[in-house]
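Can you make the complete structure from the sequences, with help from the hints?
Chains A and B, in that order, give the protein sequences. Per the numbering used here, the very first residue in the first sequence carries number 1; after that it's consecutive. Per the numbering used here, the very first residue in the second sequence carries number 369; after that it's consecutive.
These aren't lab readings, by the way, just hints derived from the structure by calculation. Remember, predicted model here, so these are calculated numbers, not experimental data. It is possible that some hints are incorrect.
[To be verified] For lysine to aspartate or glutamate, the following DMTMM-like pairs were computed, each having C-alpha atoms within a straight-line distance of at most 25 Å: (1) Lys-520/B to Glu-87/A; (2) Lys-691/B to Asp-679/B; (3) Lys-692/B to Asp-97/A; (4) Lys-692/B to Glu-90/A; (5) Lys-323/A to Asp-312/A; (6) Lys-7/A to Glu-373/B; (7) Lys-152/A to Glu-455/B; (8) Lys-33/A to Glu-373/B; (9) Lys-673/B to Asp-465/B; (10) Lys-375/B to Glu-217/A; (11) Lys-691/B to Glu-87/A; (12) Lys-459/B to Asp-327/A; (13) Lys-375/B to Asp-234/A; (14) Lys-7/A to Glu-455/B; (15) Lys-727/B to Glu-666/B; (16) Lys-375/B to Asp-312/A; (17) Lys-91/A to Asp-685/B; (18) Lys-359/A to Asp-309/A; (19) Lys-91/A to Asp-690/B; (20) Lys-323/A to Asp-465/B; (21) Lys-7/A to Asp-562/B; (22) Lys-152/A to Asp-465/B; (23) Lys-401/B to Glu-87/A; (24) Lys-91/A to Asp-695/B; (25) Lys-691/B to Glu-90/A; (26) Lys-91/A to Glu-442/B; (27) Lys-459/B to Asp-234/A; (28) Lys-324/A to Glu-373/B; (29) Lys-7/A to Glu-605/B; (30) Lys-459/B to Asp-97/A; (31) Lys-323/A to Glu-455/B; (32) Lys-673/B to Glu-373/B; (33) Lys-520/B to Glu-90/A; (34) Lys-375/B to Asp-194/A; (35) Lys-692/B to Glu-87/A; (36) Lys-691/B to Asp-317/A.
Protein chains: 2
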Amino acid sequence: MHELEVKVPAAQPGSYRVAIGTGLLPGLWPQIKAAFGHRRPFVVTDANVVSAGHLDTLLGGRPAPQFVIDPPGEGSKNITTAVAIVEAMEKAYLGRDTLVVALGGGTVGDMAGFAAAIFKRGVPVVQIPTTTLAQADSAIGGKTGVDSSVSKNAFGAFWHPAAVYIDVAAVQTLDERQYRSGLVESVKHAMIADADYFEFIEQQMDALLARRTDVLETLARFNCTIKGRVIEADPDERNQRRMLNYGHTIGHAVESASNYRLLHGEAIAIGIIAAGRIEVEMGLSEPGRLERVTALLERLDAPTKLSADMDDKQLIDLLRHDKKAVDQWPRFVLLDRLGHVHCPDGQYAIDVGRSIVEKVLGAMANDR
Amino acid sequence: MHELEVKVPAAQPGSYRVAIGTGLLPGLWPQIKAAFGHRRPFVVTDANVVSAGHLDTLLGGRPAPQFVIDPPGEGSKNITTAVAIVEAMEKAYLGRDTLVVALGGGTVGDMAGFAAAIFKRGVPVVQIPTTTLAQADSAIGGKTGVDSSVSKNAFGAFWHPAAVYIDVAAVQTLDERQYRSGLVESVKHAMIADADYFEFIEQQMDALLARRTDVLETLARFNCTIKGRVIEADPDERNQRRMLNYGHTIGHAVESASNYRLLHGEAIAIGIIAAGRIEVEMGLSEPGRLERVTALLERLDAPTKLSADMDDKQLIDLLRHDKKAVDQWPRFVLLDRLGHVHCPDGQYAIDVGRSIVEKVLGAMANDR
Chain A
1 MHELEVKVPA AQPGSYRVAI GTGLLPGLWP QIKAAFGHRR PFVVTDANVV
51 SAGHLDTLLG GRPAPQFVID PPGEGSKNIT TAVAIVEAME KAYLGRDTLV
101 VALGGGTVGD MAGFAAAIFK RGVPVVQIPT TTLAQADSAI GGKTGVDSSV
151 SKNAFGAFWH PAAVYIDVAA VQTLDERQYR SGLVESVKHA MIADADYFEF
201 IEQQMDALLA RRTDVLETLA RFNCTIKGRV IEADPDERNQ RRMLNYGHTI
251 GHAVESASNY RLLHGEAIAI GIIAAGRIEV EMGLSEPGRL ERVTALLERL
301 DAPTKLSADM DDKQLIDLLR HDKKAVDQWP RFVLLDRLGH VHCPDGQYAI
351 DVGRSIVEKV LGAMANDR
Chain B
369 MHELEVKVPA AQPGSYRVAI GTGLLPGLWP QIKAAFGHRR PFVVTDANVV
419 SAGHLDTLLG GRPAPQFVID PPGEGSKNIT TAVAIVEAME KAYLGRDTLV
469 VALGGGTVGD MAGFAAAIFK RGVPVVQIPT TTLAQADSAI GGKTGVDSSV
519 SKNAFGAFWH PAAVYIDVAA VQTLDERQYR SGLVESVKHA MIADADYFEF
569 IEQQMDALLA RRTDVLETLA RFNCTIKGRV IEADPDERNQ RRMLNYGHTI
619 GHAVESASNY RLLHGEAIAI GIIAAGRIEV EMGLSEPGRL ERVTALLERL
669 DAPTKLSADM DDKQLIDLLR HDKKAVDQWP RFVLLDRLGH VHCPDGQYAI
719 DVGRSIVEKV LGAMANDR
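Structure (structure tokens):
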């Protein structure tokens, strides 16, 4: 037998701009054309974004090939829609010089990013998030996930955006529940990385709920700085990036148990409280921290208790099937103080005994 | 407006082993288990490979979850099959610890590689090519392409294999036409990179046609060395990797014009002759080179003339729609001597006037 070795050289390091402002949308198309002039844009958006007028504002009457996801939302975040987006690009005679422009919330960003990743072995995508959730979280970081007929996020790719444009004015059109639940990811960022940011959210809550754009801009700067720093350190989620999963392990189980009646941010709020109770059990919580977090989430009208129909045994079972589970049990991200992830031996996601999680979920089930 | 920059660090450089031998298949499964022991294998193959007995030889009675592409061949190289492969992995309860094992020819390698690239944001794939074409070419290099209902290779990803195992004994079961046509890519490798290798093929042709394994092993070593070197220099096909496209620009048009009645290698043989005639027109050919190449391809029973039903005007039209065309005209890879690509100003794919190509294809149309 003979052996050769083929070396795969390191990809060039890259970077992308995140522009944050108020009222960017009307002037954005010429900016994108200037930045990616040799590329032909293809817009992916959804029916909600079109109704809210954002597509018209972006295009300003200019023609552009586009795909409008309809019905909007999680139900369309599947491989069938991804294939339809790629085939729409082909039918518009687009090739490797395509620039995918994602205008919308988390589903639009995921669908557009994944379609860009698999079209002709990959074309760049620009993210223009229009929801509090996407602006805080999903538009940055390059993770895409798409459901199959069998399970959630069966398909996906790491596909970093070529640029991100955050217009905080866009969130003015969200309904109150969407708006508030999307802010939970901002609370999460503060909790894992910056106690001053947490205090800022507490102090500016009235302005935030009034959707004051100056506060939203500051929020976006905090979010992007925190998430950007984590991604730079660990783009492929080998270790440190796991900290972004704070509240998500139990949160995902809650989201699934609710059959997606709970919005993502709402489920994560419950997951954050569960993580906080685990921290108390494990002696990782300073006095008053859980109460302070609970109070902040309640001001967002986010749920902090299990719903009446949610069974703690069912949640345990869902945790055993968590996609990151090893030997049928997931690891957990926990804090040792506000703004700082507990990281023994350099591990950001750690073992937590099943009995502790069962105790916490049992208590939460009794406590509603 | 505020701006941040998110840095995307360079991915770690990697490498993969290419093992070449005769009769590797029966002992390969334990080797793969040893090399990727913590991963759970999922085999992708096709009905031809199963009939030829290769799947049984690989597994040796061991159970393994698998997907058998049926019917085999180009007709199944589409997104519907890719989705079915991913859903089969899910139904086998596989997760991010999956190792996709591709056992078969070019279609199997593409389908398995693409499915691995998009399953759960990417899992590794091991390539075990069983055809002369896949052993010479497609199993190495990480390019995958999958057809949509609209066009060829609309979907795809660069996804480098984690290992390649070439058992030259596997090609014994190919029918004569598959066997011979797959050798055209070996001729191409010799032409673009190594005149000694070209001479080796000329001298060993009888042994090659008799499928002598020692000669096939040497061939595999030449092929993998040449292709590996090019990929190491330019993994994402920015420039140098284009040289692997020698004969493919007109070859792809011919393949398409034949409605895929011609096998890939057969179409590429015609493309190589067309490139040779362009070289003659442009004064890039030394005397006798085209005749020597023609003679070698004819010994492989590869076509060197346009088929009776092939219209040169149609080929020109297909070239205008080539996926790499810029302003509706592709660039061409040409040789300036046997074993060396003509590379003016460091460009491996160069402009060739449309009139020259029209003249060459017109002459080939008259010449059949």
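What's the verdict on Lys-401/B and Glu-87/A, does the C-alpha distance respect the 25 Å limit or exceed it? Cα-Cα ~39 Å, so violated.
Decide if the proposed pair is consistent with the structure: Lys-691/B and Asp-679/B, CA atoms, cutoff 25 Å inclusive. holds (20 Å)
Going straight from one Cα to the other, do Lys-691/B and Asp-317/A come out at no more than 25 Å? violated (49 Å)
Assess, step by step, whether the Cα of Lys-673/B is no farther than 25 Å from the Cα of Glu-373/B, and give holds or violated. Given pair Lys-673/B, Glu-373/B is violated - Cα atoms ~55 Å apart, limit 25 Å.
Is Lys-520/B close enough to Glu-87/A, meaning Cα to Cα at most 25 Å? Roughly 11 Å between the alpha carbons, so the hint for Lys-520/B and Glu-87/A holds.
Assess, step by step, whether the Cα of Lys-7/A is no farther than 25 Å from the Cα of Asp-562/B, and give holds or violated. holds (20 Å)
Is Lys-727/B close enough to Glu-666/B, meaning Cα to Cα at most 25 Å? holds (23 Å)
Holds or violated: are the alpha carbons of Lys-152/A and Glu-455/B at most 25 Å from each other? holds (11 Å)
25 Å Cα cutoff - pair Lys-323/A, Glu-455/B: holds (15 Å)
Take the C-alpha atoms of Lys-692/B and Glu-90/A, compute the straight-line distance between them, and say whether it is at most 25 Å. At roughly 14 Å apart (the allowed maximum being 25 Å), Glu-90/A and Lys-692/B satisfy the hint.
Given the proposed pairing of Lys-91/A with Asp-685/B, does the C-alpha separation stay at or below 25 Å? Holds, at roughly 18 Å.
Checking one constraint from the list: CA of Lys-673/B to CA of Asp-465/B, max 25 Å. Satisfied? Violated - the C-alpha atoms of Asp-465/B and Lys-673/B are around 49 Å apart, more than 25 Å.
The structure fails hints 6, 9, 14, 16, 23, 27, 28, 30, 32, 36 (numbered hints given earlier, in ascending order).
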